[in-house]
Every structure is written in C-alpha cells, then in structure tokens.
Amino acid sequence: VSENTATSAAIGVPPAPTGRSLRAERLLDVAIRSIVPVLLALVAGGILLLALGRNPLTFYGNIWTGGIANGSWQDSAIRMAPFLLIAAGLTLIFRANIWNLGYNGQFLLGAALVSGYAPSLLTAVPEWLAFTLLFLLAGSVGAAWTLVPAVLKAWYGTNEIITTLMMSFIGIDVASLLIKGPFHDPTTPLPQTAVIPLDKMLPSIPGTRIHIGLLVAFAMILVVHYMLTRTSWGLRLQIMGANPRAARHFGINLPRLIVTSFLASGFLIGLAATADIVGLWGYIRTGWNPAYGDTIIPFVFLARLNALAVVPFVAFFSVLSTGGDLAAQQANLPTDFLYLLVGLILLFMTVIEYLGRRRELGQTYLPPGLRQALQLRKAPS
Amino acid sequence: VILASQVWTQIFWTSAVAGGVLAGVPLMFTALGEAISERAGVLNIGLEGMMLAGAYCGFLGAYYGHTQWLGYLAGIGAGILASLIMVVLCVWLGLDQIVVGIAITLAGEGITSVLYQTRFSTSEPRLGSTPSNPIPGLDRIPILGKAINGQFPLFDQPLIVYLGVAFAVLLTWTFRRTNIGLNLRAAGEKPEALDAAGVSVVATRTYAVLATGALAGLGGAYLAIAGTGGFQPFLTQGQGYMAIVIAMLARGRPISVVVFSLMFGVALSLSTLLQLAGINLAPEVVNILPFAAIILALMLFARRAYLPPALALPYVRGAR
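So the sequence lines, in the order shown, correspond to chains Z and D. Per the working numbering, the first sequence starts with residue 1, numbered consecutively. Per the working numbering, the second sequence starts with residue 1, numbered consecutively.
Calculated directly from the structure, the hints in this document are not laboratory data. One or more hints might be untrue.
Said to hold, decoys possible - Per the computed footprint, the stretches of chain Z lying under chain D, defined by three or more beta-carbons under 8 Å from a beta-carbon of chain D, are:
#1 262–273
#2 292–298
#3 325–338
#4 341–347
Said to hold, decoys possible - Sample of chain Z residues with no beta-carbon within 12 Å of chain D, all distances over it, derived:
#5 Ala24
#6 Arg26
#7 Tyr117
#8 Trp281
#9 Glu353
#10 Arg358
Yeah, the Cβ is synthetic: ideal placement off N, Cα and C, and Gly gets one too.
Given the sequences, and given the hints that come with them, work out the whole structure.
Next comes the structure, spelled out in structure tokens:
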C-alpha cells in the first residue's frame with residue numbers, strides 16, 4: 001500500500017481512498033498545517049529576539065516556567081476561560097462568513113455591567129442565582145451590541161467589518177463612562193468599580209485554583225460544536241457562509257440567520273466578560289482593555305473554524321500569554337511582543353494553508369509565477 | 001449660558017480649524033490610499049499596521065535625519081514594505097485579504113511597540129516643531145489663514161499638506177480621465193473585463209496596494225512628526241479603521257475623501273476644543289461622537305453606500 005501511495009504521490013494523483021489510512025493521513029496533514037505556522041512564528045520571533053539582543057531560549061524557557069511549570073498551568077487555565085468563550089463566539093460567526101470584529105466593545109460593555117452589578121447582586125440573592133443572572137446580563141449586553149451591525153447587514157448588506165468596529169469603539173467609551181459614572185466605587189478616587197469580595201467570586205473547581213468559569217466555557221464550546229454540526233440552524237449557517245446566493249435559492253431566510261448568528265456570537269463574547277470579571281479580576285478600571293479577541297482570532301483560524309479543535313490552540317495561547325508576561329518582564333520587553341508573535345502565526349498560517357490547498361489539488365507548492373521564474377533560471381544549466 | 005460671547009472668539013475658531021486640519025491630515029493621506037486600493041478591489045484592513053510602521057519609521061527618520069522630509073520618506077518606505085506582504089499574499093497568491101490585513105495590523109502594533117520601548121522607553125525623545133508655509137495673500141484671512149498662539153490654520157500648513165491636497169485633485173483626474181484610472185476602476189468593478197482587455201489585473205492591483213501602503217505610511221509619519229511630535233506605542237488608536245470608513249463613505253472619490261477627513265479631524269480634536277470653550281464634557285462622550293456619526297450616517301444612507309463588486313475577492317484567471 002505504501003508503495004502505491006508513493007507512486008501516486010509522485011505522479012501527482014491523490015491516493016485512492018482506503019478507509020483508515022486516508023483518515024490518518026488527513027489528520028496528520030491537518031496537524032502539520034496547524035502546527036507548522038506556530039513553529040515558524042516562534043522561530044521568526046526567536047530571530048527577532050536575537051536581533052534585539054535577547055536570548056530566545058531563555059525567553060521561551062521563561063514562557064514554560066511562567067505558563068506551565070510549578071502549578072502556573074493553573075494560571076494559564078484561569079486565563080483560558082474567557083479565551084475559549086470568545087473563541088466559541090468567533091468560530092460561530094466566522095463559519096457564517098460574517099466578520100464580527102467588534103468583540104472588544106462587546107466584551108468591555110459586558111464586563112462593565114457585570115462589575116457594576118455583581119457586588120450588590122451577590123449580597124442580595126443566592127450565589128447560584130446571582131452568577132446565572134450575571135452571565136445572562138453580560139451575554140445579553142454583548143448580543144445587544146451586535147444588533148445595529150446585524151440589522152444593517154441583514155437589511156442593506158452594509159459591510160459588517162466597519163459597523164462592528166465602529167460599535168466596538170463606541171462600546172469601549174460607553175463602558176468607561178459607566179465605570180466613571182453609575183458604577184463608580186465611592187470609597188476610592190480611582191476610576192474603578194467596587195471590588196467583589198474574594199469569598200463571593202466564582203467558586204473554584206475542587207482541588208484547584210481554577211474557577212468554574214472554565215467549565216462554562218467548555219460547555220459552551222460543546223454547545224457551539226453541537227449547534228454547528230448537528231442542527232439545521234448550523235447547516236443553514238454553513239450554507240450561508242459557503243455561498244449566500246445558493247442559500248437564498250435554497251429558501252433560507254438570510255436576514256434572520258444573519259441577525260441570530262450575530263446575537264449568538266455577541267452573547268458568547270459577553271459570557272467571556274462575566275467569567276473574567278467574577279472569576280479572576282473582581283472589578284474593572286477605566287482604560288483596561290485586554291483586547292483578548294485580537295489575539296484569539298488567529299487560533300480560531302488555525303483550528304479551521306472547528307469549535308472542538310479550538311481548544312488545544314487556545315490552551316497553547318493561554319500558556320503563551322501567561323508565561324509571556326513573565327518572559328517579557330524578565331527580558332525587559334513590552335508584552336506587546338506577543339502581538340507580533342500572533343501576527344506572524346497568522347501570516348505563516350495563510351501561506352501554509354495556500355501551499356496545502358495547492359498540494360490537495362495535485363499541483364506543486366510553487367505559485368505559477370515563481371515556478372516559471374525558477375524554470376527560466378534552470379534552463380541555461 | 002456657555003454661549004457667552006467671549007468663548008466664540010477668533011482664537012477659538014482658529015484652534016477649531018487648526019486642530020481639525022492637524023488631526024484630519026493623517027486620515028486624509030491614509031484614506032486616499034484606501035480609496036485607491038478599494039477602487040482596485042483590495043480591501044486593506046492592515047492600514048492600522050501600515051500607519052504604525054510609517055509612524056515609527058517616520059519618527060526615526062525625522063529624529064536621526066533632523067528634517068521632516070527624511071521622516072516622511074522613511075514613513076513612505078515603511079508603508080510600502082508593509083504593503084509588500086499584502087501584495088505577495090493577497091494579490092499574487094490570492095489569500096484572504098481580511099486575515100492578512102488583521103495579521104499586518106497585529107504585527108505592526110507588536111513590532112513598533114517593542115522596538116520603540118526597547119530603544120526609547122527611558123528617553124522618550126520629542127521632535128521639534130514642523131515648519132509651516134503660509135500661502136501668500138490667503139494667510140491674511142482671519143480664522144482660516146492667520147496663525148494665533150502657535151496654532152496653524154488652513155492656509156498656513158506644512159508643505160506636505162498642500163502636496164496631499166494637490167495629490168487628491170490629481171487622483172480625481174487620474175480616476176476620471178486616464179487609462180490608469182480606468183484600469184484601476186475596472187480591477188475593482190469587473191476584473192474579468194480588464195483581463196480580457198489585455199491588462200494584467202495582478203499588476204494593476206499590485207500598484208494600487210503599494211500606493212496605499214505609501215500613503216498610509218505617510219499618514220502615520222505625519223501623525224508622528226507633525227501631529228504628536230514623537231512616537232508612542234499604539235499611536236494611531238484606530239485611525240486606520242477610520243480611514244477605511246472615510247474611503248467607503250466617500251465612495252472612493254478623492255475630493256470627498258479630503259472633505260470627510262477634515263470633518264473627522266474636527267470631530268477628533270473636539271475634546272480639546274470644548275475644553276477651550278469651557279464646556280466640561282467627559283472625553284469619552286466626545287470620543288464617541290465621530291463613531292456615532294458614522295453609524296448614524298450608515299443607518300441613514302445605508303442604501304447609498306457603494307463598494308466595488310469585486311472588493312476583497314482575489315482574482316484568479318478563468319475561475320468562476
């Protein structure tokens with residue numbers, strides 16, 4: 001069989017489908033395509049570290065120390081909760097081929113409202129009810145903030161990249177106003193909300209420091225995966241994403257689908273805000289904008305918009321970002337170095353993806369122009 | 001009550017015009033670039049990263065070269081370099097323009113912040129003030145022309161600003177009257193037709209994206225050199241995205257781009273203006289105004305917004 005595959009690969013014909021081996025091959029292919037860009041980005045980042053006069057091995061070693069070793073994996077896991085929820089929200093909307101780039105505004109508005117209401121709500125009603133309400137509150141706010149872009153896109157086809165970005169900028173400022181105004185903690189002159197008492201925060205998973213927001217996140221990942229792969233709504237969403245014109249011919253109500261997918265995406269991003277505030281921070285201050293979504297996007301793509309495949313990538317990034325804080329501090333670099341790494345991953349990913357697609361089609365790795373150039377150069381010799 | 005006469009003095013109006021122009025010019029350059037690339041069918045989400053690259057290199061050029069012109073040149077160079085990524089990946093290889101754009105923005109944010117903070121975080125050097133060139137005659141007009149309190153209004157600007165406006169006029173003419181302009185528009189409207197006419201879509205789009213990079217880099221450089229007089233990480237604060245909106249609202253018409261950019265510039269400089277007028281408004285409220293205006297405009301004129309049909313679609317010959 002192996003001989004057979006080798007010859008067919010050599011002559012550029014895809015091997016005949018033979019059950020398990022094909023499946024394994026495809027899985028390997030996907031794994032390579034997902035991991036290679038990350039490795040390339042780490043190497044490129046290492047070269048840049050060298051150029052800056054830092055030791056890349058120390059830097060990456062410190063990421064391991066700060067993100068995994070000595071129980072710091074628990075810190076990474078805590079960070080993972082909002083990351084996963086945002087990834088779920090982005091996976092869902094990107095599958096529909098809609099660009100919800102307003103995640104920062106949706107997240108911060110949710111976070112501001114949760115930190116504003118949490119201290120009083122947690123003392124007024126039983127904790128389980130309060131947490132449920134807080135999750136629903138931030139979720140609804142996140143969803144509501146997508147409504148204008150959703151309706152504009154559904155009715156008039158207005159480019160959602162622009163509208164979500166604009167709404168995001170507005171949301172960030174509104175959140176800041178809320179923190180300074182109605183939710184301001186009167187006991188401090190600092191522009192921040194009242195701090196939730198430690199014993200009122202989200203409970204931990206027994207035996208760890210990790211709050212149960214992570215479980216909520218995993219549950220939502222499963223829900224999104226189920227919705228996308230096992231329901232008619234998910235099928236319609238994917239048809240719309242693949243070919244809106246075909247979807248319309250198919251009798252799918254596109255405007256309604258656009259609005260519902262936007263709302264679901266905003267809802268999940270709102271949940272991320274609740275998990276982060278009542279799970280980790282306990283309060284919010286003006287000017288705080290972690291912009292989680294910016295760095296999550298590449299990993300959503302690396303996972304090929306598959307909700308389950310997102311989990312290992314987000315886990316990797318959680319370690320990278322938790323350990324990266326320590327590594328950057330030790331190397332006397334700003335943590336913005338991570339933005340560079342993530343941008344590089346994204347760039348390498350698109351290239352690897354392109355090469356993989358060409359190979360799948362039985363073509364060479366080289367684009368036609370480059371191939372011609374190489375052949376021209378070879379010709380004299 | 002606040003509308004007392006002493007507020008609405010000449011100084012106030014002069015700073016209104018001056019602040020608007022100062023904040024609007026980076027937007028103008030960048031949005032002119034985006035107008036070119038949008039017309040040619042390439043949606044450039046990476047403008048923010050290109051602006052930052054231009055701002056950092058422009059700052060370096062002006063700081064070490066001791067003249068604003070070296071700064072602008074360095075900014076243009078950095079913008080072109082950043083846009084080369086987009087040319088190779090999006091125009092030549094046909095990869096997703098939005099993904100690559102996001103990547104350029106992230107990498108641009110990261111690398112400029114890291115480079116600046118490793119080299120200048122302790123010194124935080126400032127650049128000297130930019131010399132301006134008053135237009136003889138027009139600079140006597142109060143409010144629009146006469147500089148007061150070191151504020152330079154419409155007719156007393158650095159030379160590069162006049163060049164930018166002249167470029168917008170030239171661009172309008174290019175779009176309307178020349179073959180280059182026709183090719184550019186065809187590349188965005190119906191690339192197949194351009195290809196059938198024997199003109200390379202890839203080459204046309206390549207030039208368009210390089211021009212966009214150059215202009216975004218110049219916009220960033222102007223922001224650093226004349227706008228803030230130095231570089232800071234994340235200096236652009238979403239202006240790259242704002243430029244995309246301006247190009248869209250202006251439907252790719254260069255003169256409209258200039259007008260919209262100056263209007264947005266006034267909106268951006270509104271917070272200092274209101275302080276001058278003695279109106280105490282939270283800066284957040286003021287910051288929201290330009291974005292809210294865009295959303296409102298989009299809601300009211302959504303039906304009139306127009307984008308080239310081939311925008312953000314890679315061109316592959318023979319593909320359907």
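Taking the hints in turn, this is what the structure says about them:
1. Check result for the segment 262–273 of chain Z against chain D: violated, 0 residues qualifying (beta carbon to beta carbon below 8 Å, three or more required).
2. Here the segment 292–298 of chain Z counts 4 residues with a CB under 8 Å from a CB of chain D, which clears the bar of 3, and the coverage holds.
3. Evaluation of the coverage hint for the segment 325–338 of chain Z: fulfilled, as 6 residues show C-beta separations to chain D shorter than 8 Å, against a requirement of three.
4. Closer than 8 Å: that is the beta-carbon criterion, and the segment 341–347 of chain Z has 6 residues meeting it against chain D, so the requirement of 3 holds.
5. Ala24 of chain Z, annotated as away from the interface, keeps every beta carbon of chain D farther than 12 Å; the closest lies near 28 Å.
6. For Arg26 of chain Z, the requirement that its beta carbon stay farther than 12 Å from each beta carbon of chain D is met, with the minimum near 22 Å.
7. At the 12 Å boundary, the C-beta of Tyr117 of chain Z stays outside the reach of chain D, the nearest C-beta of that chain being 20 Å off.
8. Interface exclusion of Trp281 of chain Z from chain D stands, the closest Cβ pair being 21 Å apart, more than 12 Å.
9. Listed as outside the interface, Glu353 of chain Z is inconsistent with that label: its C-beta sits roughly 8 Å from the nearest C-beta of chain D, within the 12 Å cut-off.
10. At roughly 10 Å from the closest C-beta of chain D, the C-beta of Arg358 of chain Z falls inside 12 Å, breaking its exclusion from the interface.
The structure shown violates the earlier hints numbered 1, 9, 10.
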